[in-house]
Amino acid sequence: MDEDELITGHLQELRRGTVVLACLLRLRTPDYGYALLEALDTLGFSVDANTLYPLLRRLEKQGLLTSEWNTDESRPRKFYSTSPEGEQMASALTDDWGRIDDSLRRLIRGEDS
Amino acid sequence: MTTLTDRYVWAVVRTAPEKQRPELEQEVRGLVADAIDARLEAGSPTAERDALVELGDPLALAARYADRPLTLIGPAYYLLWLRLLKLLLAIVVPLAVVGIGIGQFVAGASIGAIIGSMIGGAIQVTVNLGFWTTVAFVIMDRSTRGAPIVTWSPDQLPEVPSPTQHSALGQLIASVAFLTLFLVALVWQQFNPYLTGSGEVLPVLNQDLWTFWIPWFIALIVAEIGFAFAIYFRGWSYPLAGVNVLLNLAFAVPAVWLWVTGGLLNPEFVDAVAQHTDENFAEAWHITSIVVVVSLVVIATWDVIDGFYNAYRVRHPRLSATS
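In order, the protein sequence lines correspond to chains R and S. Position 111, counted from 1, in the first sequence is what UniProt numbering calls 111; the numbers after and before it change by one each time, with no gaps. Position 82, counted from 1, in the second sequence is what UniProt numbering calls 82; the numbers after and before it change by one each time, with no gaps.
Just chain S, same shape as in the assembly (with noise of 0.2 angstroms):
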């Protein structure tokens, strides 16, 4: 039968090199043998026991003898450990969902279908990149005994993010003359519009949405405009990012629908456009559908993501002063 020092003295040196166990084994037997004899003079009954806690996990004593690191990876890795896994997830990961997405509209699959296979690549690709980036450093910190690769310096560091004042006229600016820019298409296309071959004249947009939906999204515009300069005013903060949720909504559902349901083009100019494309005009239109709606759908959630992280920055200052 084996006693408890027989199991301890082998889980110490059954990582060591074979040619050192003997040797090893030899003394840890002799320390083990002389804490418990201690513990019996002061008359313990459990003296075996309490000599093995006093001397710890015999995988990190034989750690420790063999000068092993007892971390994944150390602190010379741990921090470009984490920035570039967290800049190889937030690159790669949405790249690979809207790919994914794509992908599984063009194939024709259902909305839920869709939707599914999304979660499901991002689930992966992000157990992925971590597996395996998280391996590669753990190599690299073993392979160098962990001295550092990269050195860092003052050249690195971040720009303070300023919370709205810096580029908000930039910004204001930017949104002003977009919106101006859209708007002026939506009327232009009525009045001046496309040219066929023949010197025919179509407006781009269904006439019929003139009755609704192209006052809507006039509307809209200038409901934009208008919060574009609240914005440059008022500054961003969760009210207003809420608000950003709803201009967002009103655009981008109408838009998709009308888009799906084939409403939103005048049909005679889509005609037009067929008869000056070749025979492959049908597949290159559902392919161009799909990125539109994909585009409508990522922009609008990135302006919905970016106004609450913008009205996170203000109430969170990341500085309270700088020169």
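Chain R on its own, in the form it takes in the complex (with noise of 0.2 angstroms):
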């Protein structure tokens, strides 16, 4: 294994925790599973199509999110959104989220505690 391949490896490793409170942060505004996909995909988060859409419907599952089918276009789609149950468990995240970044900024600076 060459060193792109290994660091590739562990920044996926990395951001792949972070895709659930990504996905219930972009779905305050409601959108579709493509677009979702292709958002994250700018945004460095790369999560494979075959795992990101069970994930949407397990997040349903939950109650984190809700969808509804918009046939305004010329297909009908299914839109996501996040419930006001996701938007709980997003402030949760994000609050751990602070905590870790926290954490990290103190080890870099090499503070012990």
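Treat the hints as calculated values from the structure; they're not laboratory data. Heads up, a few of these hints could be off.
[Unchecked claim] With the Cβ distance kept under 10 angstroms, some of the chain R side facing chain S (calculated, not the full set):
id : residue
1  : G33
2  : D48
3  : T51
[To be verified] From chain S, some residues computed to sit far from chain R (all C-beta separations above 12 angstroms):
id : residue
4  : R14
5  : G43
6  : L89
7  : V98
8  : V176
9  : T211
10 : W216
11 : E224
12 : W285
13 : W302
In this text, all values refer to a predicted model and were calculated from it rather than measured experimentally. Every residue gets a Cβ at the ideal spot worked out from N, C-alpha and C, and that includes glycine.
The two chains are supplied separately, each in an independent frame; assemble them into the complex guided by the hints.
This is how it looks when you write it as structure tokens:
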């Protein structure tokens, strides 16, 4: 495994856990699957299509997302949006993200605790 | 005519529960269409194919939608499965093979047929054990949704196998004691022999063997004692494991041959025993013979394997330092 592959692997690993939070934040504005996939891709969350779509369904089952079929356009599309429970979850996860960021910054500065 | 998309959508929804299918189908169809559109805008001539490649194996997608595991046995059960399978194979296969061998021998099969059925039996038992154990674990893994039923605790830690030193003295004492006993028995049976009811004395072993075979076995026993000391002082090594093979062959081959040809025991002694037992003596004797031959072969084989295993362990110590 060369250097590039190694760093790519670790970066993916680092971002994997943030995909749920990214979805919850991004879907405050309702959107459909493929648009979300492209938006996340542009932002650097490289998530596979066959992982993201089942994830959206699971989040919907958990009540964190709601969905609605939009039939305005030529083709019906399922639009997902963050539910109130999803908002709460997003803010809890965001708080934790802040704590992780804080801890890492301390480590970067070389503080012990 | 069905398109690639139709076939893909069908492959995904096929395994979904009936009542979820229409909705899932619509969703997947939409996802594929969006992906194709994006590629058509970019001017790709193989938009549909590329879009499907991006979505990947439809069965994997379906499994993720249904939250089905994509492994046969998950990490919660894998080690338990491996441990149990190894244990079962190590116990059941040798027992079954020896059992089959004895059974065939009693039935009067030829040597070739016996070996053949032992090999066949070993393969059959191995395959069956592997298959049924795995099936049981797959069912367990699915029915508990991958939650472990047995949690590991430090009590399960195995002892660190010591190369040789740990029990070397104990083994030396055991070997020498056993060999000395054997030596004494060889001589004792001649001078303080089996007593018949009439007070007549009979040596157990065939008298003719004193010309060559009994001295041969006595020399072998002395050599084995020397070998036990060599192991104690030098530790196991591959050359010594090789010597162990020669010693075992030198013992087991003549012993089996003498037993099978009937030259080992004193015929008068056998007759005397026959008189003291009932009329089933012939059959009982036949079975005893088989057990003796099988035991000789199994013990020699085991000893040879054990020798090489010990040599291997010395060459590949498990831990460099133990407290």
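Taking the hints in turn, this is what the structure says about them:
Contact between G33 of chain R and chain S, as hinted, is supported at the beta carbon level, the nearest pair being about 5 angstroms apart and thus within 10 angstroms. Below 10 angstroms, beta-carbon pairs count as interface contacts, and D48 of chain R has one with chain S at about 7 angstroms; its hint therefore holds. For T51 of chain R, the shortest C-beta to C-beta distance to chain S is roughly 7 angstroms, which falls under 10 angstroms, so the interface hint holds. The Cβ of R14 of chain S lies farther than 12 angstroms from every Cβ of chain R, with a closest approach of about 16 angstroms, so its non-interface assignment holds.
At roughly 17 angstroms, the least C-beta separation between G43 of chain S and chain R is larger than 12 angstroms, which holds for a residue marked as non-interface. Here L89 of chain S stays apart from chain R, with its beta-carbon at least about 35 angstroms from theirs, past the 12 angstroms limit. Under the 12 angstroms C-beta cut-off, the non-interface status given to V98 of chain S relative to chain R holds; the minimum distance is some 48 angstroms. At the 12 angstroms boundary, the C-beta of V176 of chain S stays outside the reach of chain R, the nearest C-beta of that chain being 56 angstroms off.
At roughly 72 angstroms from the closest C-beta of chain R, the C-beta of T211 of chain S stays outside 12 angstroms, upholding its exclusion from the interface. Every CB of chain R is more than 12 angstroms from the CB of W216 of chain S (nearest about 62 angstroms), matching its label as outside the interface. With a cut of 12 angstroms on Cβ distances, E224 of chain S stays outside the contact zone with chain R, its closest approach being about 54 angstroms. With a least beta-carbon separation of about 68 angstroms from chain R, W285 of chain S lies farther than 12 angstroms from that chain, consistent with its non-interface assignment.
With a cut of 12 angstroms on Cβ distances, W302 of chain S stays outside the contact zone with chain R, its closest approach being about 45 angstroms.
Violated hints: none; the structure is consistent with every hint.
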